[in-house]
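Residue numbering for the sequence shown follows the numbering used here, beginning at 111 and increasing consecutively.
If you are wondering where the hints come from, they were derived from the structure by calculation, not from laboratory data.
Note that CB positions come from ideal geometry on N, CA and C, so glycine has one too.
Any given hint could turn out to be false.
What follows is a list of derived Cβ distance ranges for each label pair [unchecked claim]:
1. C222 x R181: 19 to 29 Å
2. T231 x E207: 27 to 37 Å
3. Q450 x M407: 42 to 52 Å
4. K424 x K288: 50 to 60 Å
5. D412 x G487: 31 to 41 Å
6. S293 x P263: 23 to 33 Å
Only pairs whose alpha carbons sit at most 25 Å apart, straight line, appear in this in silico BS3-like list of lysine-lysine [what the hints assert, rightly or not]:
7. K148 x K209
8. K427 x K354
9. K209 x K496
10. K196 x K523
11. K496 x K295
12. K424 x K355
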Amino acid sequence: MGEGKVSQTILVVGGGISGLTSALEAAEAGHEVIIVEKNPYLGGKVAQLYQYFPKLCPPNCGLEINFRRIRSNPRIRFFTMAEVTKVSGSAGAFDVELKIRPRYVNENCTCCGACSDACTTEIPNPFNFGLDKVKAAYLPHEFAFPMRYVIDPSIVGTEEGKKVKEACAYNAIDLDMKETTLSLKVGAIVWAAGWEPYDASKIEYYGFGQYPNLINNIMMERLASFSGPTGGKILRPSDKKAAKKVAFIQCAGSRDENHLAYCSSICCLASVKQANYLIEADPDANATIFFIDIRAMDRLEDFYTKIKQSDRIKFIKSKIAMITEDENTHDLLIEGENTQTGEQIRDRFDLVVLATGMVPNRFPDELTRFASLDEYGFVVNNGNNKGVFGAGCVRRPADVSTSVQDATAAALKAIQTIVRR
Numbered sequence: 111m112g113e114g115k116v117s118q119t120i121l122v123v124g125g126g127i128s129g130l131t132s133a134l135e136a137a138e139a140g141h142e143v144i145i146v147e148k149n150p151y152l153g154g155k156v157a158q159l160y161q162y163f164p165k166l167c168p169p170n171c172g173l174e175i176n177f178r179r180i181r182s183n184p185r186i187r188f189f190t191m192a193e194v195t196k197v198s199g200s201a202g203a204f205d206v207e208l209k210i211r212p213r214y215v216n217e218n219c220t221c222c223g224a225c226s227d228a229c230t231t232e233i234p235n236p237f238n239f240g241l242d243k244v245k246a247a248y249l250p251h252e253f254a255f256p257m258r259y260v261i262d263p264s265i266v267g268t269e270e271g272k273k274v275k276e277a278c279a280y281n282a283i284d285l286d287m288k289e290t291t292l293s294l295k296v297g298a299i300v301w302a303a304g305w306e307p308y309d310a311s312k313i314e315y316y317g318f319g320q321y322p323n324l325i326n327n328i329m330m331e332r333l334a335s336f337s338g339p340t341g342g343k344i345l346r347p348s349d350k351k352a353a354k355k356v357a358f359i360q361c362a363g364s365r366d367e368n369h370l371a372y373c374s375s376i377c378c379l380a381s382v383k384q385a386n387y388l389i390e391a392d393p394d395a396n397a398t399i400f401f402i403d404i405r406a407m408d409r410l411e412d413f414y415t416k417i418k419q420s421d422r423i424k425f426i427k428s429k430i431a432m433i434t435e436d437e438n439t440h441d442l443l444i445e446g447e448n449t450q451t452g453e454q455i456r457d458r459f460d461l462v463v464l465a466t467g468m469v470p471n472r473f474p475d476e477l478t479r480f481a482s483l484d485e486y487g488f489v490v491n492n493g494n495n496k497g498v499f500g501a502g503c504v505r506r507p508a509d510v511s512t513s514v515q516d517a518t519a520a521a522l523k524a525i526q527t528i529v530r531r
């Protein structure tokens, strides 16, 4: 390939912590970078956490630093509500096609909130995993970047849509926006598309999706957050009463050949952290963690040891076999066996949290020519990659700090792809 044909631009797919890190590292090394994010905001799953390891601090501080770096770096462009639909070419000269969904709000938006005030239609709040509702004209969350409202398609073309548009004094609402496509030429691709929690509804004996007080671990992050649906109070979704007695069930679908055969490694400490949320928020609450093995990696073992000393957090070695609901109270009844004592477990809880594993977001079939996947669908960076590199949780389940380190390495690999051609 001739030197003139090599694109010096790097495409980063995914605007979570891994994607932001790869983009910033590459841009600050002198390369043009384009970030593509499917959500209306950057920050990914980290933006939805209450606290994260290792400092147990809220994510907004770290994300705000990265957003400031993006704003001040002219080498970075980003597209939200966008997805990669086609990739062709080869390392150094990829042709990429994007699909960009309409936001129905343009750059004139000042976040005054007049559109939301004028709107009466409500939709399940995607940022809070449907635990509450939000207006159909909404700001994704209070620290959203870009800080711009979104109009849900459900009111486009309706009288309510017209009313919302008329409420905007800045001509920021454009209900005629259409889905668009954009063609890019890039030299390398960092695939940082992130992860989703395993679909616990597939575990039929637990009944996820049937019982309102049965949630997964990422939903628990939103319940605990001060910016969440309950203002940081851990309340039962069914009746908004305080959850005094909470069970955490580890390996919900994980380490099970019928579901996820692998261990996501960080779920144990996430549940320990969330049990600590509970007892810190409510002096009368207590938690029980049902586990197969507790995996406290590296320096986080000290945190586990500290929490284990609490008399309000109980650890029971057990694989819970069944969850049912008391239809009158919406309490959850769990059944299993204490594998250390042989005793049968049958207990009642206000709220049950399933520690579901991490599943990498889909890797497009056409990209498998440039990077390989392991048997579980994670991207492998093994020296045979041809211009496409995985970063963060598309490579393996990982915490935030590990994802940042991995994303830095992916940025370096992407840069090497360009400069060596």
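Unmet hints by their number, sorted upward, for this structure: Of the numbered hints given earlier, the structure breaks just one, which is hint 3.
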